Amino acid sequence: MVDFAVGTLSDLSRMALLAQSDGGSFWLPPPESVSSWAVDNVFYYILYLSYFFFALIFAVLVLFVVRYRRRPGVEAVKTATHSTLLEAVWSLIPLGLVIIMFYAGFVGYVELRSPPEQAYEILVTARKWSWQFTYPDGTMATDLHVPVGEPVRLVMSSEDVIHSLSIPAFRVKMDVVPGRYTRTWFQAKQPGKFDLYCTEYCGTGHSDMLASVVVHQREAFDAWLVEAGDILGNSATPVEAGEKLFRLHGCGSCHSTDGTPRIGPTLKGIFGETHRFSDGSSLAVDENYVRQSINEPGAKIREGYKNQMPTYKGRLSNDEITALIQYLKSLDGG
Amino acid sequence: MTTEAATASSHDDHEIAHVMPLPVLFGVFATLMVLTFLTVAATWVNLGWFNLPIAMAIATVKATLVALYFMHLRYDAPFNGLAFLTALVFVALFILVTLLDTIAYKPSVDAYRDANSVSAPQ
Amino acid sequence: MATTVDGKTADFPTDRGPLNYLNCDRGILSWAFTLDHKRIGLMYLISIMASLGLGGLFAMLIRVELAHSGQQIVDENTYNQLFTLHGAIMVFLFILPGIPAALGNFVLPIMLGAKDVAFPRLNLASYHLWVIGALFFLLALVTGGLDTGWTLYVPYAFQTDTRVLTAGVGAFILGFSSIFTGINFVATIHTLRPPGMTWFKMPLFLWALYATAIIQVLATPVLGITLLLLAAELVLGIGIFDPTKGGDPILFQHFFWFYSHPAVYIMILPAMGIMSEVIPTFSRKHIFGYRFIAYSSVAIALLGFLVWGHHMFVSSQSSLASTIFSLLTFSVSIPSAIKVFNWLATMYKGSIALDTPMLYALSFILLFGIGGLTGLFLATLSTDVQLHDTYFVVAHFHYTMVGGTLIAFMAGLHYWWPKITGRMYNEFWGRLCSIGVFAGFNLTFFPQFVMGSRGMPRRYHDFPEKFEIFHFLSSIGAFLMGLAMLGVLIYLLYSLFKGRRAPANPWGSATLEWQCSSPPPKENFAETPSVSDPYDYDHIKYDPEKNCYYRVN
Amino acid sequence: MSAAPDHDENHPHDLAHHFDTHRQQFDAGKLGMWIFLVTEILLFSGLFCAYVIYRANHPEIFIYAHQFLDKNLGALNTAVLIFSSLTMAWAVRAAQLEQKRALVRLLSITLACGFVFLGVKAVEYHHKWHDGLLWASQYNPKHHDSAEHNEAGHGAESDGEGLHGEEPKNVGLFFSIYFMMTGLHAVHVIAGMGAIAWVLNRARKGHFNRRYFGPVDFVGLYWHLVDLIWIYLFPLLYLIH
Ligand code: HEA
Ligand code: HEA
Ligand code: CUA
Ligand SMILES: [Cu+2]
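Here the protein sequences line up with chains A, B, C and D, keeping their order.
Following our numbering, the numbering of the first sequence begins with 18 at its first residue and continues without gaps.
Following our numbering, the numbering of the second sequence begins with 146 at its first residue and continues without gaps.
Following our numbering, the numbering of the third sequence begins with 11 at its first residue and continues without gaps.
Following our numbering, the numbering of the fourth sequence begins with 56 at its first residue and continues without gaps.
A portion of the hints provided could be inaccurate.
To be verified - Some chain C residues judged to face chain A by a derived CB distance under 7 angstroms, without partners named:
#, residue
1, LEU391
2, THR393
3, PRO467
None of these hints come from the bench; they were simulated from the model.
For clarity, every value in this text was computed on a predicted model and none was experimentally measured.
Beta carbons: idealized from backbone N, C-alpha and C, even for Gly.
Using the sequences and the accompanying hints, generate a full structural model.
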C-alpha cells in the first residue's frame with residue numbers, strides 16, 4: 018500500500034516534469050504557430066479563473082465542514098434563508114466573467130479561421146485511414162511538409178467518412194467532411210517535426226491515422242518538394258517507386274500486401290492467378306487487367322467484393338502505373 | 146349548453162369541461178373548407194415567392210381554428226395552450242437555427258459539388 | 011397502527027408496518043405488472059444498477075487496454091466496440107433513466123403527498139419499454155456489437171458492419187420510455203398536489219424533476235425522429251444525411267445534438283435536485299435561496315435548448331452559428347453557479363453531519379465544480395478548437411456525468427435506501443467507500459484533462475509514448491474506483507439481510523416521504539400528511555434512544 | 056386506519072383510486088394528452104426541419120418534383136380529414152351530453168374517414184411506386200418512356216402540360232422527404248384509427264357519461280393533431296410554386 022502510494026506520487030511528479038520538458042506548460046504543448054496565442058491566452062484566463070473559483074469553493078466547503086460539524090448539544094443557527102443581494106452578486110460576477118471569456122474566445126476564433134490572403138495552399142484528402150497532401154505542383158505526400166514562417170492554408174475533403182485534422186502544437190483542428198471542402202490554416206514559427214492526428218472517430222484505423230508535420234526552411238522545403246515530386250526519378254528501382262506510389266495513393270487502406278483480404282482483395286501474388294468476376298466471367302491476371310483495374314475499377318468487379326474502388330485515371334500517369342505493376346509483381350516472391 | 150349538461154343528476158354539479166355548441170362546430174368546419182379551397186386557388190395564380198407565405202398563412206389560420214375550437218383550447222386550462230405554444234416555439238428554434246447554419250455553409254458544399262461533378266453512382 | 015409519525019407517541023418509528031409495499035402482494039407477476047410507483051421505481055433501480063455494472067465492466071476493459079501504449083488485451087475493432095457500448099449503455103440505459111425513473115419514481119408521489127403518479131399504467135409501460143429497449147441493446151451486443159461511438163455520427167454509421175439498426179431501435183424505444191416518465195411527472199406535479207402543497211412548498215427535488223420532465227418531453231422526440239431517419243437510411247437509403255446521395259451529414263449532427271445536449275441536463279438536473287435535499291438535511295439548515303434554485307432548474311432546462319451547436323465548433327458548422335452557440339452556452343453556467351453558491355450558503359452555521367449521503371454531496375460540489383468549470387473551456391470558441399475530441403472532453407463529461415450525476419445518484423441511493431428497503435446500511439463502510447470513489451475518480455480523470463489539452467485524441471485504441479504516464483495513472487484510478495463501487499454493492503446487498511431496521515426518519519429530513527413508515531405502505535399515506543415548509547427543521551427532533559427523528563408540531 | 060382498501064363505496068368505479076374527483080382525473084388526463092401532443096409535434100419537427108432545409112437550399116428539386124404529386128387527391132384527402140375532425144369534435148360533444156347513439160355513429164363516421172384517407176393515400180403511393188418515383192436510393196423515374204402514363208390521367212398535374220424544365224440533381228431527395236412525411240403521418244392515422252376503434256367499442260358498451268368521457272376527448276385531441284399536421288403537409292408537398 019505504501020509502495021503503491023510512493024509509486025503513484027513519483028508518477029505524478031514525473032507527469033509534471035514531463036510536461037515541462039518539451040517546452041510547453043503543464044497544460045499545453047509549446048506554442049509552435051504564430052496564432053497559438055488565440056488559444057493560449059483565453060485558455061490561461063479561464064484556467065486561472067477556474068483555479069480561483071475552485072479554491073474558493075474548496076476553502077469555503079472545508080471551512081464550513083470543520084467549523085460547523087455536528088457536535089452534541091450544538092444546534093444549527095438560524096440564518097437568513099435567502100438574500101437577493103447576495104444571489105445577485107454571485108450571478109452577476111460570473112456573468113461578467115463569462116462575457117469576457119466569450120469575447121476573447123471569439124477574437125481568437127476569428128484569428129484561427131481567417132488565413133491571410135497570400136497563403137500557400139495544400140490540398141488534403143482524408144480517407145480511411147491515411148492522409149494525402151497534394152501540393153500546388155501536383156506532388157503528393159503522406160506527411161505534411163511545410164515551409165517555416167509562411168502562412169499555409171489547407172483545403173480539405175474526405176473520400177469516405179468524417180475525419181478531423183488536428184495538430185496540437187499549432188492549435189489547429191478542423192473536421193474533414195465528405196461532400197464539402199473545409200479549410201484551416203497555420204504559420205509555423207520554427208523548423209521541427211510535430212504530430213498530426215485524426216481526431217474524428219472514423220473506424221478501425223482511427224488511432225493509426227497519424228502523420229507528421231515537417232517544418233523546413235524555405236530552401237530545404239523547395240528541395241524536398243522537387244525530390245518528393247519526382248517519384249520515378251528519385252527512386253532507385255521501379256519497384257521502389259511503385260511501393261511509394263502505393264503508399265501515397267492510399268491503396269493500402271483497402272488492399273493488403275500480405276495475403277489478408279480487406280475492403281478490396283489482397284494484391285499479393287495475384288499475377289497469373291485466375292480471378293472470377295461478379296458477372297460470372299473470369300480472367301487470368303496480367304498487366305492489362307491490372308492497368309484496367311486501376312483506371313476503370315468498375316469494369317470488372319472481383320467476385321465477393323463491391324464496386325468501391327475509386328478510379329485513378331488522370332491521377333496516375335502511365336509510367337507510374339507501370340511502376341505500380343512492377344511493385345505488385347515483386348510481391349509474388351515474398 | 147350549461148343547462149343541458151346540468152340536468153343530469155350528480156353531486157359535483159359544475160360541468161367538467163366546456164361543451165361545444167353545434168353551430169360553432171359547423172361554422173368552423175365550413176371556414177376550414179373554404180380556406181382549403183383558397184389555398185388550392187392561390188396556386189392558380191403565380192405570385193412568385195409570395196405563394197409560399199400565402200399558403201403558410203392560410204394553413205396557420207386553419208390550424209389555429211382547429212386548435213381553438215375542435216381542440217377546445219379556447220375554453221381549456223391556459224397551461225395546455227401554453228404547452229402547445231411552447232412546442233411550436235421550440236420547433237421554430239430548431240428549424241430556424243439549423244437553417245441559418247446550412248445556408249451559411251452551403252458555399253463549401255456547392256464548391257465541392259462543382260469541382261467533383263461526376264455524380265455518385267446510384 | 012398509525013402510518014404517519016406525528017408525535018413522540020407514535021409507536022413504531024423503528025418498526026416496519028406489518029404490510030408495506032414490498033410484502034403486500036406476492037409473486038413475480040405482482041411485480042411485473044404492478045401499478046405501484048414504488049415497485050416500478052424499485053424495479054427501475056435494480057435494472058439501472060445492473061446497467062451501471064455492465065457499463066462499468068466495459069469501462070474497466072477500456073482502462074486495461076489503455077494502461078500502456080501498444081495493444082494490451084483487445085484489437086482495434088473490439089476496442090471501438092468497448093467505448094461505444096460503454097458510452098451507449100451508460101447514457102441510454104443508466105444515466106438518462108437513472109435518477110428520474112428510479113429514485114424519482116419512488117419518491118416523487120410520496121414527497122408530493124399523493125398516492126401515485128397521475129398515470130400508473132403509463133408508468134408501468136415506461137418500465138416495460140425500458141426492458142424492451144435494453145433487450146435490443148443486448149441483442150445488438152451479442153449479434154455483432156456497435157462501433158460507431160455513442161454519437162452514431164454519419165456517414166460512418168451507414169458504413170460499419172455492426173448493428174446500428176438494432177441499437178437504434180433500442181434507443182428509439184428507450185426514448186419513449188423516457189418520454190412517458192416525463193409526461194407522468196408533469197401531469198402528477200400539476201394535478202396531484204394535495205391541499206396546501208403549493209408550487210413553492212414543493213421540495214426542490216420535485217422542481218428539478220419537473221424541469222427534467224420538460225426536457226424529456228421537448229427533446230426526446232427529436233432523438234426519435236433522428237433515429238427514425240437513420241433507420242430509414244439504413245433500410246431504404248433515403249439519403250437525407252448521406253453525402254453520396256446529395257444529403258448532409260452535418261444536418262445529422264444538428265439533429266443529434268438538439269436532443270443530446272438538452273439530454274445532459276436531463277442527467278444533471280435531478281442530480282442537483284438530490285443535492286438540494288441532502289445538503290439541508292445533513293446541515294439541519296433551511297435551504298438558502300429556495301426560489302433561485304427552483305427557477306434556476308427551469309432556466310437550465312430551457313436555456314439548455316439554445317446551445318447544442320457547441321459540440322460542432324470544428325465540424326464545418328458555419329462560424330456564424332458557432333459564435334451564436336458559444337455565446338448562448340455561457341448563459342447556462344449562470345444558473346449553475348447560483349446553485350453551487352446557494353448550496354454552500356446553506357451549510358453556513360449549520361450542524362453538519364458527515365454521513366455517507368453528505369460525503370457524496372460534498373464530493374458532488376467539488377467534482378461538478380470542476381466539470382462545470384472545464385465546460386467553460388469547451389464553450390469558448392478558440393479553446394474548443396484545441397480541446398475538441400480530446401481527452402479533455404472525456405474528462406469534462408466524466409466530471410459532470412460521474413462526478414456529478416453518478417455521485418449524486420449515490421448520495422440519493424444512500425439517502426433513500428432506508429426508505430426504499432427498510433434497512434440501514436453500514437455507515438462505516440459507506441463512508442470509506444465514498445472516499446474511495448472520490449479518490450479513485452480523481453485519479454482516473456484528472457490526468458485526462460492534462461493529456462487532453464496536450465493533444466491526446468479520444469476514441470484511440472493506442473497512443474503515442476508521451477501520453478503513457480497519464481494513461482497509466484488513469485487506469486490505476488479506475489481500478490480503485492471500481493473496487494470502491496464493488497464495496498458499495500457488497501455492503502448494500504449485505505444490509506438487505508443483516509442491516510438494522512430503518513426508522514421512519516433516520517436523517518431528520520422534513521419532506522413528506524419521511525412521514526410514512528420505512529418502507530412505506532402500499533398507498534403511501536393512510537392519513538393525508540401535514541404539508542409544511544420542506545426545509546424547516548424546527549419541528550424535527552432527535553430521539554437518541556431510538557436513534558431516529560420524530561416530528562413535533 | 057389500515058392501508059387504504061382497494062374499493063370503497065364513495066369511490067366510483069370509473070374514478071381511478073389515486074384521484075379524488077372526476078374533475079381531477081379529467082384534468083390530469085387532458086394535461087397528459089396535451090403533453091403527449093407536444094412530443095408528437097417535436098417528433099414531426101425533424102421532418103419539417105429536413106424539408107425546410109432542403110427546400111431553402113435546393114428549391115429547384117421541389118419545384119421540379121412536386122409536379123408528380125396529384126393536387127386533386129391531396130385536396131380530397133384534406134377535405135376528408137377536416138370532415139373527420141368535425142365528426143370527432145361532435146362525438147366529444149355527444150359523449151359529454153350522454154348521447155350514446157350519436158356518439159357511436161359519429162365515431163364510426165370518423166373511423167370510416169380514416170379508411171378513406173388511407174385508401175386515397177394507397178392509390179397515390181401505388182402510382183409513385185409504379186412510376187419509380189421513390190426515395191433517393193430507389194428513385195428511378197419512368198415517365199419519359201411511358202407514353203400511356205399521361206393518358207391514364209394521373210402523375211403530372213391536371214394542367215396537363217407534361218413536365219416542365221430540366222431535371223435537377225438529387226430529385227430523389229424530394230421523394231425521400233415526401234415518403235417520410237406522409238408515411239409517418241399515415242402511421243399516425245393508423246394509430247388514431249386504432250384508438251378510435253377502442254373508444255367506439257367502449258362507447259357501445261356505454262362506458263361514458265357526463266363525468267367520465269375523458270378517453271373520447273383525448274383520442275379526439277390526438278385525431279385533431281393528425282389533421283393539423285396534414286393541414287401543413289398539404290400545401291408544403293402538393294402546392295409548390
Ligand atoms: C451531466 C452532463 C453534463 C453537464 C452538466 C455539462 C455541462 C456543461 N457542458 Fe458539457 N458535455 C457533456 C456532459 C455535460 N456537460 C458530455 C457528455 C459531452 C460530450 C459528448 C460527446 O462528445 O461524447 C459534453 C461536451 C461539452 C462540449 C463540447 C465539447 C467538444 O466536443 O468540443 C461543451 C462545449 O461548450 C460543453 C460545455 C458545457 C458547459 C458550458 C456546461 C455547463 O452547464 C456547466 C455549468 C457549470 C459551471 C460553470 C460550474 C459551477 C459554477 C461555478 C463553480 C461558479 C463559477 C462560474 C463561472 C465563473 C461561470 N460540454
Ligand atoms: C454515466 C455515464 C458514464 C459513466 C458512469 C462512466 C464511467 C466511466 N468511464 Fe466513461 N464514458 C461515457 C460515459 C460514462 N462513463 C461516455 C458517454 C463516453 C463516450 C463514449 C464514446 O466516445 O462514444 C465514455 C468514454 C470513456 C472513455 C474514453 C474512451 C475513448 O475515448 O477511447 C474512458 C477512458 O478512460 C472511460 C472510462 C470510464 C471509467 C473508468 C468510468 C468509471 O467511473 C466506471 C466506474 C465503475 C463502475 C461504475 C463499475 C462498478 C460497478 C459494480 C461493481 C457493480 C454495480 C454496483 C453498484 C451500482 C453499487 N469512459
Ligand atoms: Cu480518420 Cu479518425
Ligand atoms: Cu453540450
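To see whether the hints hold, each was checked on the structure:
1. LEU391: holds (4 angstroms)
2. THR393: Holds, because the Cβ-Cβ distance from THR393 of chain C to chain A comes to roughly 5 angstroms (cut-off 7 angstroms).
3. PRO467: Nearest chain A Cβ about 4 angstroms off; hint holds.
Of the numbered hints given earlier, the model fails none.
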